[in-house]
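Protein chains: 2
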Amino acid sequence: MSKHSVLFFPDNVAVQVETGTSLLRAASLAGIELKSTCGGKGTCGRCVLKVKEGKVSVGGGNISAKLKTAGYVLACQTRVEGHAVVEVPRDSRLDEHQVLLDNKPVGLLAEKQVEELAGYEFQPLCRKIYLELDKPTLTENASDLSRLQAELRKYTDCRDLEISLDNLRKLPDILREGDWKVTVTLTSLNGCAEVLHLEPGRSTKKSYGLAVDIGTTTVVVNLVDLETGQIVDKRGTYNRQSRYGDDVISRIIYAGEENGLEELQQAVIGTINHLVDKLLAKNEIKAEDVHVAVTAGNTTMAHLFLGIPPKYIRLEPYIPVTSSFPPVKAKELGIAINPEAWILSFPAVASYVGGDIVSGVLVNGMAESDELTLFIDIGTNGEMVLGNRDWLISCACSAGPAFEGGGITYGMRAMTGAIERVEIDPRSYEVQVATIGNVKPMGICGSGLIDCLAKLLRVGIIDRTGQFQKDINTPRLRETEDGKEFVLVWGKDTECGKDIVLTEGDIKNLIRSKGAVFAGIQSLLKTVQMDVAQIDKIIIAGGFGNYLNIEDAIQIGLLPDVDRSKYEFMGNTSIKGAKLALISQPAYRQAEELGRKMTYLELSVGTMFMDEFVSACFLPHTDLSLFPSATKQS
Amino acid sequence: MSKHSVLFFPDNVAVQVETGTSLLRAASLAGIELKSTCGGKGTCGRCVLKVKEGKVSVGGGNISAKLKTAGYVLACQTRVEGHAVVEVPRDSRLDEHQVLLDNKPVGLLAEKQVEELAGYEFQPLCRKIYLELDKPTLTENASDLSRLQAELRKYTDCRDLEISLDNLRKLPDILREGDWKVTVTLTSLNGCAEVLHLEPGRSTKKSYGLAVDIGTTTVVVNLVDLETGQIVDKRGTYNRQSRYGDDVISRIIYAGEENGLEELQQAVIGTINHLVDKLLAKNEIKAEDVHVAVTAGNTTMAHLFLGIPPKYIRLEPYIPVTSSFPPVKAKELGIAINPEAWILSFPAVASYVGGDIVSGVLVNGMAESDELTLFIDIGTNGEMVLGNRDWLISCACSAGPAFEGGGITYGMRAMTGAIERVEIDPRSYEVQVATIGNVKPMGICGSGLIDCLAKLLRVGIIDRTGQFQKDINTPRLRETEDGKEFVLVWGKDTECGKDIVLTEGDIKNLIRSKGAVFAGIQSLLKTVQMDVAQIDKIIIAGGFGNYLNIEDAIQIGLLPDVDRSKYEFMGNTSIKGAKLALISQPAYRQAEELGRKMTYLELSVGTMFMDEFVSACFLPHTDLSLFPSATKQS
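From first to last, the protein sequence lines are chains A and B. For the first sequence, the UniProt record's numbering assigns the number 1 to the initial residue and increments by one for each residue that follows. For the second sequence, the UniProt record's numbering assigns the number 1 to the initial residue and increments by one for each residue that follows.
Treat the hints with care, since some could be wrong.
Any copy will do: because identical chains look the same in the list, a pair fits if it lies in one copy or spans two.
[Unchecked claim] Below 25 Å or equal to it, Euclidean Cα-Cα: the simulated SDA-like pairs (lysine to any residue) are:
#1 66 to 505
#2 311 to 265
#3 311 to 167
#4 206 to 257
#5 597 to 151
#6 135 to 599
#7 170 to 234
#8 205 to 469
These aren't lab readings, by the way, just hints derived from the structure by calculation.
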């Protein structure tokens with residue numbers, strides 16, 4: 001097959017591809033990550049490019065006539081047939097800097113700052129030990145390794161003291177180069193210690209570790225100084241798997257295709273390596289000085305990361321291959337740090353309650369507390385855990401990606417340009433919005449959507465079923481061929497120049513999402529024969545941006561109507577738990593214990609969840625007695 | 001550089017090599033292994049080839065004028081300068097079939113057949129287990145791995161139950177393909193079990209293991225059926241490292257050269273793979289069905305096999321990198337069996353008492369016995385262990401390779417054509433010899449050399465210092481420019497057509513070798529303040545061919561003059577111990593314990609050994625009171 005060159009502007013990067021290659025694939029080969037949440041099916045309409053020159057075959061897909069006329073195409077629907085020159089608009093790019101890493105304390109329910117160690121002992125998974133060995137003689141002629149081990153035993157109570165063949169090969173020369181003084185980097189895991197790295201003499205180099213949150217949508221890496229336990233730097237970006245589909249289900253399907261699993265694995269490893277490269281370069285740290293990594297992700301992400309087929313996660317009875325993931329060496333996965341470094345994965349509970357949730361439970365302290373705590377992580381799925389130090393029960397409900405911007409016309413993740421707060425004047429129906437970064441609005445993120453839905457309800461634009469009311473006198477509420485929609489921001493004030501709207505369909509999706517979360521909470525409570533009043537604390541995690549408007553979330557029936565002081569917002573608990581495990585061996589052991597200890601409630605058994613879900617698909621709920629304060633206000 | 005083709009006859013194999021490549025290297029590339037014990041220095045004179053056509057540059061080396069005139073050259077001293085056609089004489093080939101594997105009970109001290117299990121429980125390192133799992137349901141939704149592990153725990157008491165990432169990836173489909181019936185191949189090592197191989201349903205395939213003796217000179221492999229513990233087949237050949245030198249010291253030196261270590265490692269792995277390929281092909285067994293291997297070799301061999309630099313073994317104070325070798329996966333070493341199979345190496349005691357000796361002690365039973373036992377393994381070095389169930393002390397003396405045929409003009413290993421018995425008529429000095437395989441003599445092996453030395457002494461051809469006597473009236477004793485020599489077999493009766501002789505130099509080498517062994521024995525005894533009379537049993541191991549003439553060995557002062565019934569000959573104990581460990585986990589654990597338990601006496605400390613050595617360099621000894629029966633007879 002003949003090859004053609006595709007040149008991308010303004011990047012000025014060219015790649016050679018075969019006839020028939022999509023521009024989406026070509027861009028990826030050129031290192032340009034485009035927005036694409038439908039997995040290249042042409043439905044999300046986000047991978048918009050402009051073909052300046054050359055021969056391409058243009059398909060259809062979700063793109064407006066106006067854009068088409070202006071020479072724009074969907075990258076996933078356009079195939080290369082000859083040399084081409086393509087322009088990539090800023091809006092179509094996945095920009096890693098847009099991923100919010102810190103949830104600064106702003107707004108109603110600001111993020112609670114967790115303590116560094118959450119009560120665990122500071123005992124990093126990896127540390128440097130300087131040793132001075134006795135020189136061997138004819139009478140004291142123990143082997144190099146025995147000599148090293150004998151001294152090392154003073155610093156660890158691990159039963160086994162191992163060393164890789166590669167390090168064993170280097171040992172004799174390093175010992176003699178340092179005149180029997182040596183700095184050992186020792187990893188301790190589950191009662192087994194391993195000599196990971198050797199340096200002659202007293203080394204001044206530090207030892208670093210990585211905490212990695214492998215989200216379906218975003219990947220975040222914390223670079224941690226293992227001597228101090230402090231985060232040196234952090235960075236996040238989109239999971240490159242996104243181009244294969246928006247949610248775990250489409251990824252699982254793609255993994256079943258030829259080479260699909262390998263491509264997905266390489267995509268996430270590429271994402272992590274990209275972040276690590278940038279972090280190391282910026283902080284002038286060498287890859288060989290990064291000695292351990294702890295990853296947390298949902299069960300499907302963990303399978304894909306390790307190249308384990310996730311096929312049966314999707315099929316009833318929803319069985320993961322494993323919920324406990326073996327430690328793997330960096331060299332085996334191709335993670336660009338010290339090749340001998342262990343890469344650890346948080347254990348999962350079940351197919352839909354993964355290591356990210358275990359990580360959250362580890363760091364949020366509920367498993368050490370007497371208080372009955374409800375922990376809810378709202379992402380693409382809604383996962384929740386109820387319990388205390390004695391018992392823990394978990395479940396997952398298909399909330400859908402609405403709160404992460406998926407399935408919503410102008411939905412987007414919590415990043416610069418996302419509308420996060422909405423005010424609607426009850427008389428004029430005029431709208432005021434606040435965006436992350438105070439820039440022109442580009443879309444709406446989860447907290448904005450919750451705000452918006454609550455305000456639409458409060459001012460009476462929608463009713464309790466989510467339908468737009470008649471007789472609302474404002475040009476913002478209009479009829480289109482697809483139904484009614486409400487204009488939040490007029491095109492003149494938006495980044496893209498188009499009106500940002502919320503459609504009737506969007507509202508239905510939002511209601512289904514919030515209904516699923518609330519139904520999950522009710523199912524957990526009913527299973528243990530309790531009710532919301534007995535809950536002492538509710539901890540919310542998820543990518544809501546800077547804040548979660550808890551009042552609004554209760555008003556729409558997403559969260560239980562309890563004393564607001566019981567609520568805490570902890571942001572991305574997955575990365576926080578991973579970082580905790582990195583700097584505390586007892587915490588890491590506790591994570592393994594938690595994975596075993598947590599009970600899993602399968603919501604598809606019986607009709608309980610479905611009954612609860614149907615009841616919850618109103619604003620706030622069909623049973624208003626569950627929402628006394630909401631009812632009072634409305 | 002230009003390349004030339006070298007065609008080897010009668011093999012009819014051609015290779016392309018660069019100008020300047022030696023014919024030794026070219027032959028090796030063509031898969032033709034030539035005899036070469038000097039490491040290509042031109043001194044051993046064994047790699048004789050005939051150049052039929054073509055352009056080569058011929059160097060010197062140890063080759064007779066007669067052979068030179070007839071067109072023969074030394075392969076190691078001849079370099080390719082153009083296309084060439086070369087004939088390889090049978091005598092110059094390393095023929096694996098010549099390696100003796102069985103020491104059949106013939107002669108004075110026949111090999112004692114060890115019991116299969118030497119008292120240990122039959123519990124192979126690897127076994128197949130057929131499991132029927134419950135199918136998962138929505139309520140019984142443990143992961144595939146948890147389900148497998150729960151059932152497997154009924155069959156093992158190992159604390160840890162591991163699985164490689166590769167097998168984890170295959171697990172879900174294999175379980176479902178076999179409708180939740182599965183055959184697991186489980187390896188158990190040091191309290192940790194690992195799922196090594198998975199097959200759907202009930203497998204009828206067997207599981208095999210390899211016992212491997214990695215000798216400096218020869219490599220022997222036993223293929224073992226792990227279900228029955230029986231040896232299916234065995235095969236031995238020369239260690240391909242031989243081309244880099246005859247003894248461990250020259251190998252260690254070569255390992256220090258550029259790529260030297262890697263070449264040596266690949267040479268021995270190539271040797272093992274060659275044997276394994278042949279064994280598997282002949283017995284119609286698939287490589288993937290070989291699930292574990294146990295190797296035993298001296299400390300240098302173990303280092304080279306694993307690619308660990310042996311440099312400091314040779315330099316005072318003679319420190320190995322390690323005496324305990326980590327288990328390594330077959331795929332990591334490139335051993336052509338199941339890639340997940342563990343390759344285990346017997347632990348060593350010190351630089352010159354290796355895993356082959358630990359293996360011997362394991363299988364000879366001395367560590368389980370109340371009897372005070374002396375175990376002597378006579379190979380390139382003489383290694384020995386004294387002790388019983390309470391204590392064990394070991395040492396190694398540089399006996400030199402004389403008893404394996406090295407450093408002796410017509411020395412050779414115990415193989416077809418080797419003189420193994422010698423009779424000399426005390427009046428006519430006529431000689432009768434017996435060869436292994438009853439073929440024309442090609443050289444003399446260890447037992448033949450011992451026999452020969454004893455007989456030369458008895459008939460008075462040599463005196464107690466090893467010097468040829470004057471006034472011996474026989475054409476067999478003759479003077480050459482290098483000194484005196486005794487003709488054992490006239491050229492007309494030998495395979496090579498040359499007279500097979502024993503020179504004064506050969507005799508000196510033999511006396512030094514036997515003196516070193518005896519001095520080692522004396523040093524061990526003196527260290528523990530004992531004497532030979534207290535020894536209950538003497539076990540001899542080594543490659544002596546079909547038998548060891550114990551009487552002759554005592555007559556020349558190689559072995560102590562004790563009641564002959566105390567002697568046992570056990571042949572190659574290294575391979576036997578490896579095979580035992582393969583089929584008995586308790587035996588394998590005991591081997592690890594033995595490696596730690598055995599004391600090592602460094603003979604180069606103080607003057608004890610040297611004093612003993614000087615005294616032992618007579619026939620049988622300067623102190624005749626040590627050899628009452630020998631003195632009586634002579």
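Checklist entry - For residue 205 vs residue 469, is the C-alpha pair at or below 25 Å within one copy, between two copies, both, or neither? => result neither (66 Å within a copy, 72 Å between copies)
Next on the checklist: Cα distance capped at 25 Å. Does residue 311 pair with residue 167 within a copy, between copies, both, or neither?
Outcome noted: between (38 Å within a copy, 16 Å between copies)
Item to check | Status of residue 234 relative to residue 170 across identical chains (alpha carbons, at most 25 Å) | outcome: Cα proximity of residue 170 and residue 234: none, with 33 Å in one copy and 35 Å across.
Checklist entry - Is the C-alpha distance from residue 135 to residue 599 at most 25 Å within one copy, between copies, in both cases, or in neither? => result between (55 Å within a copy, 20 Å between copies)
Next on the checklist: Reference check for the pair residue 597 and residue 151, CA-CA at most 25 Å: within, between, both, or neither?
Outcome noted: between (37 Å within a copy, 20 Å between copies)
Checklist entry - Given a CA cutoff of 25 Å, do residue 311 and residue 265 count as a within-copy pair, a between-copy pair, both, or neither? => result within (14 Å within a copy, 42 Å between copies)
Checklist entry - Should residue 206 paired with residue 257 be assigned to within, between, both, or neither, using CA atoms and 25 Å as the limit? => result neither (43 Å within a copy, 34 Å between copies)
Checklist entry - How do residue 66 and residue 505 come out at 25 Å by Cα distance, when the copy is not named: within, between, both, or neither? => result Only inside one copy: residue 66 and residue 505 sit 23 Å apart there, 101 Å across copies, limit 25 Å.
In this structure, the earlier hints numbered 4, 7, 8 are contradicted, and the remaining ones agree with it.
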